[in-house]
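Number of protein chains: 2
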Amino acid sequence: MKKLFPLVTTDIALFTIQDRSLRVLMVRRANEPEFGKWALPGGILNPGDDAHLDATAQRVLSGKTGVDVPFLKQVATFSGAARDPRGWSLSVLYYALLPSDQVHAVAGRATDAIEWRDAYAPGSGLAFDHADLVDAALAMLRDKVSRAALPLHLMPARFTLTELQQTCESILGRPLDKSVFRRRLKDELCIEQLPGEFVYGAQRPAQLYRAVNGFRF
Amino acid sequence: MKKLFPLVTTDIALFTIQDRSLRVLMVRRANEPEFGKWALPGGILNPGDDAHLDATAQRVLSGKTGVDVPFLKQVATFSGAARDPRGWSLSVLYYALLPSDQVHAVAGRATDAIEWRDAYAPGSGLAFDHADLVDAALAMLRDKVSRAALPLHLMPARFTLTELQQTCESILGRPLDKSVFRRRLKDELCIEQLPGEFVYGAQRPAQLYRAVNGFRF
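Protein chains in written order, with the numbering used here: chain A, 10 to 226; chain B, 10 to 226.
Think of the hints as simulated: they come from the structure by calculation, not from any bench. A portion of the hints provided could be inaccurate.
Heads up, simulated DSBU-like pairs for lysine-lysine below, C-alpha to C-alpha not over 30 Å straight-line [as the list claims (entries may be wrong)]:
| id | chain 1 | residue 1 | chain 2 | residue 2 |
| --- | --- | --- | --- | --- |
| 1 | A | LYS82 | A | LYS46 |
| 2 | B | LYS187 | A | LYS187 |
| 3 | B | LYS153 | B | LYS82 |
| 4 | A | LYS195 | A | LYS82 |
| 5 | A | LYS82 | B | LYS82 |
| 6 | B | LYS82 | B | LYS46 |
| 7 | A | LYS195 | A | LYS153 |
| 8 | B | LYS153 | B | LYS187 |
| 9 | A | LYS82 | B | LYS153 |
| 10 | B | LYS195 | A | LYS195 |
| 11 | B | LYS153 | B | LYS195 |
| 12 | A | LYS187 | A | LYS153 |
| 13 | B | LYS195 | A | LYS153 |
| 14 | B | LYS195 | B | LYS46 |
| 15 | A | LYS82 | A | LYS153 |
| 16 | B | LYS153 | A | LYS153 |
| 17 | A | LYS153 | B | LYS82 |
| 18 | B | LYS46 | A | LYS153 |
Where chain A lies over chain B, by a calculated footprint (3+ residues, C-beta under 8 Å) [what the hints assert, rightly or not]:
| id | stretch |
| --- | --- |
| 19 | 13 to 24 |
| 20 | 38 to 52 |
| 21 | 186 to 193 |
C-beta atoms are modelled at their ideal positions from N, C-alpha and C, and glycine is treated no differently.
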């Protein structure tokens, strides 16, 4: 029978920072179609439960990873007759940011293997058109950071300015000039010093900062 | 009966320039719900006909206006249980650009009144959440032009640099510095002079230009 209604799903590109590298969460599919292939976490819209698609994305991501993320935003909608063997389908893609000190809280369900992959090289043979979805989400994140938005949702509770710069560099895929970066932060209202808190190491002590409540990305 | 499937539509914000002002096309609804209210042209996905949602948007816009537009791009997806009285619905919003010398080709169907409204003030009491949709489409167009993209899809076949600047100003809602604008166009590969073609008026003759085939926006 010809389906008259499209399959409506949300997929989420969840990014974090590990080992100074931008990572994206992939889940191994435990069901047909595309059984065994790696995909972004995703799930089907439930009109009875979900007030809107943002709620679908939150519910799906929380169900697949066990965490509620502080930042989740729509990227674009992918659609067509050919992208899913079950029929005409439509996926509303979101991207989400997870602070690097909360990676340990992410756990796949019993049936799902999960992996944090290099966002710039998430692997070949991904399910459906998910390679395109990762690209689109990464492009939106890069675009924001290249326009001087600070990806504070990826930072741990306390961080140094060097760590913040490294996070921006991981997203942009290129080094930033330290003095230009520091100068830009001078008037930044989204971060504040933690008085008397420093990281001590081989170098001189590094001031610790935190994100100010209600900062925008 | 509770609907298990959402209503999937596309709506299109079609922009053009009239009298140096950015306009958006509105259509008066000839059916319930929201009968008689003004709305963006839109229509329902037909999985049997449409290869993907871009095709839905092209088909819908062409059916409602009689023109095929040279530029059409997805903005965002609006969704929820409350935005349409028919039930859970999802609208994928597009924006489209129509050259100012093709406005005459746009005609509503017999049942539909159409109006070109000021894009910055499209009127109160629009149908559904279409005021939000116009805002989102306008924001995307402004953002592009503020990042130095040239809105050549809005220009007539032949235009002066002053007309191009005025179009950018209509979109941005603010004046641009002429010498800065001209300097930026110096290395621009998207436009070319039409040799020997000028506009003669009260001022000194103004060189005419055209968009180069295959320019990107």
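Cross-check of the supplied hints:
Restraint check for A:LYS82 and A:LYS46: the C-alpha separation of about 25 Å stays at or below 30 Å, so the hint holds. For the given pair, B:LYS187 sits about 35 Å from A:LYS187 by alpha-carbon distance, which is inconsistent with the 30 Å threshold. Distance check on the hinted pair: B:LYS153 and B:LYS82 sit about 12 Å apart at the alpha-carbon level, within 30 Å; holds. Straight-line distance between C-alpha atoms of A:LYS195 and A:LYS82 comes to about 28 Å, which keeps the hinted pair within the 30 Å bound.
For the hint linking A:LYS82 to B:LYS82, the alpha-carbon distance of about 19 Å falls within 30 Å, and the restraint holds. Pair hint B:LYS82 plus B:LYS46 holds up; C-alpha atoms about 25 Å apart against a cutoff of 30 Å. Taking the CA atoms of A:LYS195 and A:LYS153, the gap is about 19 Å. The hint holds against a cut of 30 Å. As the CA atoms of B:LYS153 and B:LYS187 are separated by approximately 19 Å, the hinted pair is consistent with the 30 Å bound.
Proposed proximity of A:LYS82 and B:LYS153 is supported: the alpha carbons are some 20 Å apart, at most 30 Å. With a C-alpha separation of about 35 Å, the suggested pair B:LYS195 and A:LYS195 falls outside the 30 Å cut-off, and the hint is violated. Among the hinted pairs, B:LYS153 with B:LYS195 is consistent with the structure: their alpha-carbon atoms are about 19 Å apart, no more than 30 Å. With a C-alpha separation of about 19 Å, the suggested pair A:LYS187 and A:LYS153 falls inside the 30 Å cut-off, and the hint holds.
A threshold of 30 Å between alpha carbons decides the hint, and for B:LYS195 with A:LYS153 the separation of about 28 Å falls inside it, so the pair holds. For the suggested pair B:LYS195 and B:LYS46, the alpha carbons sit about 46 Å apart, so the restraint of at most 30 Å is broken. Taking the CA atoms of A:LYS82 and A:LYS153, the gap is about 12 Å. The hint holds against a cut of 30 Å. A distance of roughly 14 Å separates the Cα atoms of B:LYS153 and A:LYS153; the hinted pair therefore holds under the 30 Å criterion.
The hinted pair formed by A:LYS153 and B:LYS82 meets the criterion: a straight-line CA distance of about 20 Å does not exceed 30 Å. Only pairs whose Cα atoms come within 30 Å are accepted, and B:LYS46 paired with A:LYS153 is rejected, the gap being roughly 37 Å. With 4 residues having a Cβ less than 8 Å from any Cβ of chain A, the stretch 13 to 24 of chain B passes the three-residue criterion, so the hint holds. Using a Cβ-Cβ cut-off of 8 Å, 0 residues of the stretch 38 to 52 of chain B lie near chain A, which falls short of the minimum of three, so the contact claim is violated.
Check on the stretch 186 to 193 of chain B: 0 of its residues sit with their Cβ under 8 Å from a Cβ of chain A, so the three-residue criterion for coverage is violated.
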